[in-house]
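K.L.:
Below are the chains, spelled out letter by letter.
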Amino acid sequence: MTFDNAFGDLIAFFGGAGTFLLALGVIVFAGFLLRSVGQMLDHKGETFNEMPLIIASILAILLLAAVSLFWSAFFGGRATLRTIILVVAGIALAGWLFRYLGQMFTNNAPMFRDMPYGVAFGYALAAAAVIGGVWLYFQENALFFRWAVQGFILFGIGAFLFRLLGRHVGTTGSKKLFRAMPLTASFGIYIILIYAVLAVFAGVIAPHGQEEIFTKVNVLPGGDPALGGDPDFPLGTDQIGRDLLSRLIYGAQNTVGIAFATTCLAFFLGGSLGFLAATLGGWLDQFLSRAVDVLMAIPALIFALLLMTIASAWAGSQSWLLTIYMIVIIAVIDSTRVFRLARAVGVNIVVMDYIEAAKLRGEGLSYLIFREILPNATAPLLAEFGLRFCFVFLTIASLSFLGVGIQPPLADWGTMVRDLAQFINFAAFSPLTAALPLLAAGAIALLTVAVNFVVDWMLHKSSGLKE
Amino acid sequence: MNIPNAPLVEIKDLWIEGRADETWMPIINGASTSLNKGEVLGLIGESGAGKSTLGLAAMGFTRDGVRISKGEVTFDGIDLINASADTKRHLLGKRIAYVAQSAAASFNPAHRLIDQHVEGPVQHGVSTRVDSVKDGIELYRRLRLPNPDEIGFRYPHQVSGGQLQRAMTAMAMSCRPDLIIFDEPTTALDVTTQIEVLASIRDIVEQFDTAAIYITHDLAVVAQMADKIKVLLKGDEVEEADTRTMLSSPKEEYTKSLWAVRSFQRPAKPSVPAGSVPVIRVKNVTAAYGKIPVLHDISFDIHAGRTVAVVGESGSGKSTAARCITGLLPPIDGAVEFDGEPLPRDYRQRDKMQLRQAQMIYQMADTALNPRKSIGEIIGRPVEFYMGLKGAQRRERVRELLNEIELEPDQFIDRLPSELSGGQKQRVGIARALAAEPKFIICDEVTSALDQLVAEGILKLLARLQDTLGLSYMFITHDLATVRAISDEVVVMKDGKVVEQGEKAEMFRPPHHPYTDLLLSSVPEMDPDWLTNLLAERGVENIGDAAVGKM
Amino acid sequence: MDSVLRIIIQRLGLGALTLLVVSIVIFIAVNLLPGDFAQAILGQGATPEAIESIRRDLGLDQPYLSRYFNWLAGTLQGDLGTSFAQANFASFTGSQELTTVAAQIAPRFENTMFLAGVTAAIAVPVSLTLGILAALYRNSVFDRATNIFTLSSISSPEFFLAYILILFLAVLNPLLPSLSNIFEGMSLSERFIKTLLPALTLTLVVTAHMMRMTRAAIINLLASPYIEMARLKGLSPMRVIVVHALPNALAPIINVIALNLAYLITGVVVVEVVFVYPGIGQLFVDSVKIRDIPVVQACCLIFAGAYILLNLLADILSILSNPRLRHPK
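Residue numbers (the numbering used here), protein chains in the order written: chain U, 1 to 467; chain X, 1 to 551; chain B, 1 to 329.
Calculated from the structure, these hints are not laboratory results. Wrong hints could be hidden among the right ones.
In silico lysine-lysine, DSS-like type, Cα no more than 30 Å apart, as pairs [stated by the list, open to error]: (1) LYS37(X) to LYS134(X); (2) LYS88(X) to LYS70(X); (3) LYS12(X) to LYS234(X); (4) LYS291(X) to LYS359(U); (5) LYS359(U) to LYS283(X); (6) LYS460(X) to LYS251(X); (7) LYS461(U) to LYS390(X); (8) LYS269(X) to LYS228(X); (9) LYS352(X) to LYS439(X); (10) LYS134(X) to LYS176(U); (11) LYS228(X) to LYS12(X); (12) LYS37(X) to LYS461(U); (13) LYS359(U) to LYS373(X); (14) LYS37(X) to LYS251(X); (15) LYS228(X) to LYS88(X); (16) LYS175(U) to LYS373(X); (17) LYS70(X) to LYS228(X); (18) LYS234(X) to LYS359(U); (19) LYS439(X) to LYS359(U); (20) LYS439(X) to LYS390(X); (21) LYS373(X) to LYS176(U); (22) LYS269(X) to LYS291(X); (23) LYS373(X) to LYS352(X); (24) LYS373(X) to LYS234(X); (25) LYS12(X) to LYS359(U); (26) LYS359(U) to LYS460(X); (27) LYS251(X) to LYS70(X); (28) LYS291(X) to LYS251(X); (29) LYS291(X) to LYS234(X); (30) LYS359(U) to LYS352(X).
From chain U, some residues computed to sit far from chain B (all C-beta separations above 12 Å) [unchecked claim]: (31) LYS175; (32) VAL294; (33) ILE302; (34) ALA344.
Ideal Cβ placement from N, Cα and C applies to all residues, glycine included.
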C-alpha cells in the first residue's frame, strides 16, 4: 500500500465519520425540536414531558422517513408506492370511521368508547385482508391459492365434525374433554388419527408396493390419459417407474414410524438418566449435566450431519444399516434435550414434601422414581414427547432432504421432496405436477402442525389449571 | 357533584364474577357498604372470601378474568362502573391509592424507589418532580424509615421487606389521596416487623385524615386499624358494625365462631419427673448448609406425652433443627438421642424402626401429599411398609386411621388430594404420620397455611391424639397464639441459637430475655386499644426492627 | 460492579472451556471413522505408496493426542488444513497449488453472514412488534390467528416454506429469483435481491419462534404485581409498557433474539441447499456427502463456535440488564 493510498483512505474514513456525525447531530436536533413542539402543544403533557431525547430522535427519524416516502410517492412518481400509501391511508380512515360510527350507534358503549385507535385500525386492516382474500379467491389464475383455501376449509369442517362426534360418542370423561377442546386441538387429533391409520395399514391402502417398478416412467399426475396421465397411477410415476401415490402412503409408515421409534429411544435414554440425576443428585448429576451441556453446544442438525458422515463410512453399501445408525444418532442427540426436561421436572418434584416423607420412611430408589416421581411427571413428559417427536421428525426429513437420511428403496417424504423439487418450475402449465413436491413436504408439515396444536392445547390446559 | 356529608365511597349491591373453567363463577354476591371521609373500614374474611376483589372494585378496577356483573360503585359522586377508562385512570393514584400485599414484588425492580414515588404526582400533574422528591423524603421521615434522605435512592432489592412496605405506603400518600386500599400489607412480614409497619400506617392515615379500606385475615390487626369492620364469608356479607361493637357483641354465628377461636387452651400438665429419659434429646447440635452455619450448639429435650413449641421468626433455624432430628441434614457436631440411644446422624443410616419412631407433618399439605395417589394409598403405604399389613387388613387399618382423624372412610378413601379442602388434607397428613405408630411427631407450622377455624380443629385433633396415644410433639411455629393453645414447653430461637426455654407458664410470665419479651409483646391482641397502649408503654423506638437492632 | 465483572469473566471462561471440549468431541467423532483417512480419500484402487504419502502429509502416522493438538494449534492460527477433495484433485493433476479449507470457507462464511444479517434485520423488528402486540391483546382474535400461524410456521420443515415461497414469488409471479447465484463483485442491491427469497424463508421460521417467545415473556411480565401497581397508579397504558414493562423485558427479549440467531445457524443449512446459495451450509452438506473430513470438521467447529458465542452473548447481556446484579446490596 502506498502512502498516497493510505492517506486517501484516512480522508475517506474521516470524511465518512464526519458525515455520519453531522447526520446524527441533525437527527438529535430534530428530535429535540419535535419534543419541544410536542411539549408546547400538549402542555398537560403525559406523553412528551419526560420523554428521553433518544426516543424523540427515533421518532424524528421515523417522521423524516415517512415524509421522504410521501415525497417520492406523490412527487417522485413512484406509482406502486403511491398505491400502497393510499391503501394504508384508506384503511386508517376506515378504522377511524369504524370507531366513530360504533360510538355513535351504540351510544358510547364501553367497547367503542375505550377502544384505542390502534385496535380500530387493526379491525379495519383485518377487514381489508378478508376482502382481499375473497377477491383473490375468485381470480382466474389463483389456482394454488384456491386449493389452499379449499384445503383449509375442508380440514376445518373435518375437525369440526370430528369434535362433534367426540362430544356425543364415548365415555363421559372423553365427552367432557371434547366439549372443552378448541378447534385447533381437535384438528390435531383428527389428523394424527388419519396418519396413524395410514401408517399402520399402508400395505392395505396403497394400490402398489413401495418398491414396485413399472414400465411407465414419468407418468403425469391427474390420471387423465389425454394429459399424459394414467388412471392406474393417480399421482403419476417417478423417473424409474414407481407409483407416487403408493410411495406417499408408504412414506407415512417409514417416515413416521422411524421418527416414532427414534423418539421412544431418545425418551428412554434421556428420561431414565434425567430422573436418575434428579433423584440421586451429587457427582452423577454434575457429570451428566455438564456432558449434556457440551453436547447441546453443538447445533443438533450440524452434529447429526457430522455423525452421519462417519456412520455412512461405517455402513458402507448397506443402506438399512445406515438407517439404524441414523435412528441411534438422532436419538442420542435428542436425548440430551429430554434429559434436560426430565431432570428439571424431576428436580421440581424431588423438593416436594411428599418425596421427603417417602425418603424419611426409608423407601428405596426404584419406589421413589416409579411410584412417587414418574406419576407426577407424565403430563409435562407427554407434552414434551409431542414436541420431541416433531423435532425428530423434522430432523429426519431434513436429513433425507439433504440426501443423508432414510435411504432408498424405502419410500420417504424428505427424499421425495428432493427428487421431485424441480417440478415446481412447471407450475404455470402443469399445476398438478408442480403440486407433487409440495404434497410430500405438506404431508410432513401437516403432521407436525397437528402434533404441535395438540401439545399447545395440553400445555395451555395444564398451565390453566394452576391459575 | 359534591354533596356535603355524602359518603366518599358507596358500594350498593355489588355482584362480581370470575372466569374459571370457561364459565363465570360468583366471587362477590351483593355487597354493600359506604365509607365517609377519613374513615377506616376493615374487610375481614378467610382466604377465598373475596376481600381483595371487593377492595379493588372500590377503585373501579377488576383483575383480568374478573367482571362486575351488577351493582353500583360511586366515589365522590362519580359512577365508577360506567366511567370511561380515562376518567378512572385520572382518579387512580391521584385520589384513590393502593398498597399491595407484597411490596417486594410490587415495586418495579428496574427503578429506584424515589423515581417510582414521584411518578404519580408528576404524571397526574399534582406537583413537579423536585417538590415531589422533597415530599417523598418528608414522608419517609414521618413513616420512620431509617436514613430517609438516602433510602429513596436505592433499588427495591436493596431495601428490606418491612421498609419496602412503608415506602409503598409513602408512595400511596404521594398525591395525598382521599382513599387508600391496604391489601394485606403486613401478611408477609414477621411479627416484630409487622407491628412497626402497623404503627406507621395508622399514624400517617390519621395525620392526613385519609379514608382507607384495610383488608386482612387477622382479626387482631384489624381491631387496631379500623373504625368499622365488615366480615365476608365466601363472597357473602356476614355483618358490618363499628369495631368495638363488633368485638364485644357480634351478632352472627360465623363471626362469633371467629372470635371464639382464640380461647382454646389446654390444661397444664404436671411437670416432668426428674431423671426421666426424654423421648428426643437434642444435645449441643451444630449444623450448616454447605459452609453457611445455621445452628449453633442448640440443646433441648422432648419428654413423653408432651408438646414442645419451637418459636422464632423466619430464618431463626427452627425448621433446620427439625431437619437435624430427622437426619435430613446431618449435624456437624452434637447428637440426637432417642429414648437415650443416639440416632445415626444421616437418615440413610437409620434402620426402619428408628425411622418409624419419628414422623413429620408438614406446613403445606398441598406439597406433602402426592397428588397422583388416593388417600387410601397415601395412608396405606406406611401401614404396609412398617407393619407389613396387606390387602383387607391394610384397608381395615386405613379405615381405622381415617376414623381417628374424623374423616368418613367410605367417602374419602378413594379420593385424590385435589378433591379435599386444606384442613382435610392436613388431617390426611396427620393420619399418614399416625400410620407408622410413632412415639414422636414433628409438626412444622402445621396450622399457619390454614384459616383460623380450620386450624383450631387441627389443634384440637392433635391434642386429643396426644392424650389417647401418648405422643410427643415438637411443634414448630411463629404464631404465639398457637403456642399458648397447645404447648407444654417453649423453646425460643433466634439466629440459630436457643435464646430461652422453659415451661409455658413461666415463659408467658415476665421477666424474659429481651428478645422473648419483644416477640411476646409484638403479637397483636383483640383489644382495639392494644396498639395505642403498647406504643404509649414502649415508645415508637422500642418496637420492631429498631428494637431488634438495639439488642 | 465487581461482582458483575466476576460473573462475566466466569461466563467467558466457561464459554472458552465449552468450545475446547466441543473441539475434542468433534475430533473424537471424526476419528471414529473406520480404516483411515488416506484410504477414504484415494478409494480402494490406490497404491500403497500413494496412501503412505498422504498419510504422512496429513500427519496420520502420529498418535491421536499429538494430532489433536496439531489440529487445535492450526485451527487457532487460522490453518484449517486442506480439503480431501482438493488434495485428491491436486494429486490427480499433479499441481502443487492447494486451496486451503480456510480459503474455501472465507467467502462462503461472508455470504452466510450476509444472509443471516438480512434475515435478522427483517425478522427482529417484525417479530418483536408482533410479539408485543399479541401479548397486549392476548386471547383476542388477533392473538389466536397469530398463534395458529406461528405454530404452523414453526412446525413446517424449512424446505416446505421455501418451496411455497418459490412457487408464489418466483414461479407463478416472477418477482424474485429462485436461485441465489451470488458471485464476487456484484452490486449490493443485486445481491440483496438474490438473497431475499432465502432470507424470507428463514424469516418465516425465525419470526414465528421469536414472536412466540416474546409474547410469552411479555405476558409473564404483565402478570407481575409491579405492572398491576403501575396500572393502579393511573399511569397511561403507553407509560406502563415503556417505563415499567420494557426495562424488565430487556433480558428475556435479548435472550429470545440471541437464541433465534443461534437457531438461524441450523436453519441456514437446509435453506442454502434449496436455493443453491453459496454459503457455508451448502459447503458443509456437499462435504458431508463426499466425506471431506477436514471441511466437515472445520464447518462443524465454526457452527458450534457461533452457536456458543451467541448463547454466551445472550447470557452476558441479560446479566448486564439485571438491576439486582448491576446495583448489588
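K.L.:
Now look at each hint and say whether the structure bears it out.
P.N.:
Hints, verified against the model:
1. About 27 Å separates the Cα atoms of LYS37(X) and LYS134(X), which keeps this hinted pair within 30 Å; it holds.
2. Pair hint LYS88(X) plus LYS70(X) holds up; C-alpha atoms about 18 Å apart against a cutoff of 30 Å.
3. Proximity of LYS12(X) to LYS234(X) is assessed by CA-CA distance (about 18 Å); at most 30 Å being required, the pair is judged to hold.
4. Of the pairs offered as hints, the one joining LYS291(X) and LYS359(U) holds, with about 24 Å between alpha carbons and a cut-off of 30 Å not exceeded.
5. With a C-alpha separation of about 24 Å, the suggested pairing of LYS359(U) with LYS283(X) holds against the 30 Å cut-off.
6. For the suggested pair LYS460(X) and LYS251(X), the alpha carbons sit about 25 Å apart, so the restraint of at most 30 Å is met.
7. With a C-alpha separation of about 38 Å, the suggested pair LYS461(U) and LYS390(X) falls outside the 30 Å cut-off, and the hint is violated.
8. Our distance criterion of 30 Å between C-alpha atoms is broken by LYS269(X) and LYS228(X), whose separation comes to about 40 Å.
9. A C-alpha spacing of about 14 Å is found between LYS352(X) and LYS439(X), which places the hinted pair at or below 30 Å, so the restraint holds.
10. Between LYS134(X) and LYS176(U) the CA atoms are separated by roughly 61 Å; this puts the pair beyond 30 Å, and the hint is violated.
11. With a CA separation close to 17 Å, the supplied pair LYS228(X) and LYS12(X) stays within the 30 Å bound.
12. Restraint check: the Cα-Cα separation between LYS37(X) and LYS461(U) comes to about 46 Å, which exceeds 30 Å; the hinted pair is violated.
13. For the given pair, LYS359(U) sits about 17 Å from LYS373(X) by alpha-carbon distance, which is consistent with the 30 Å threshold.
14. This hinted pair checks out: LYS37(X) and LYS251(X) have alpha carbons roughly 27 Å apart, not beyond 30 Å.
15. A distance of roughly 27 Å separates the Cα atoms of LYS228(X) and LYS88(X); the hinted pair therefore holds under the 30 Å criterion.
16. Of the pairs offered as hints, the one joining LYS175(U) and LYS373(X) holds, with about 24 Å between alpha carbons and a cut-off of 30 Å not exceeded.
17. Straight-line distance between C-alpha atoms of LYS70(X) and LYS228(X) comes to about 25 Å, which keeps the hinted pair within the 30 Å bound.
18. Restraint check for LYS234(X) and LYS359(U): the C-alpha separation of about 38 Å exceeds 30 Å, so the hint is violated.
19. At most 30 Å may separate the alpha-carbon atoms for a hinted pair to count; LYS439(X) and LYS359(U) meet this at roughly 19 Å.
20. Between LYS439(X) and LYS390(X) the CA atoms are separated by roughly 23 Å; this keeps the pair inside 30 Å, and the hint holds.
21. A distance of roughly 23 Å separates the Cα atoms of LYS373(X) and LYS176(U); the hinted pair therefore holds under the 30 Å criterion.
22. A threshold of 30 Å between alpha carbons decides the hint, and for LYS269(X) with LYS291(X) the separation of about 41 Å lies outside it, so the pair is violated.
23. With a C-alpha separation of about 23 Å, the suggested pair LYS373(X) and LYS352(X) falls inside the 30 Å cut-off, and the hint holds.
24. Only pairs whose Cα atoms come within 30 Å are accepted, and LYS373(X) paired with LYS234(X) is accepted, the gap being roughly 29 Å.
25. This hinted pair does not check out: LYS12(X) and LYS359(U) have alpha carbons roughly 55 Å apart, beyond 30 Å.
26. For the hint pairing LYS359(U) with LYS460(X), the CA-to-CA distance comes to about 29 Å; that is within 30 Å, so the pair holds.
27. Using a Cα cut-off of 30 Å, the hinted pair LYS251(X) and LYS70(X) holds, with the two alpha carbons roughly 28 Å apart.
28. This hinted pair does not check out: LYS291(X) and LYS251(X) have alpha carbons roughly 57 Å apart, beyond 30 Å.
29. Note on LYS291(X) and LYS234(X): the hinted pairing is violated, with a Cα-Cα distance of about 48 Å set against a maximum of 30 Å.
30. The hinted pair formed by LYS359(U) and LYS352(X) meets the criterion: a straight-line CA distance of about 11 Å does not exceed 30 Å.
31. At roughly 24 Å from the closest C-beta of chain B, the C-beta of LYS175(U) stays outside 12 Å, upholding its exclusion from the interface.
32. Listed as a non-interface residue, VAL294(U) fails to keep its Cβ farther than 12 Å from every Cβ of chain B; the least gap is roughly 5 Å.
33. ILE302(U), annotated as away from the interface, has a beta carbon of chain B within 12 Å; the closest lies near 5 Å.
34. Remark: the non-interface label on ALA344(U) is consistent with the geometry, its nearest Cβ contact in chain B lying 17 Å away (cut-off 12 Å).
Checked against the numbered hints above, the structure breaks hints 7, 8, 10, 12, 18, 22, 25, 28, 29, 32, 33 and satisfies the rest.
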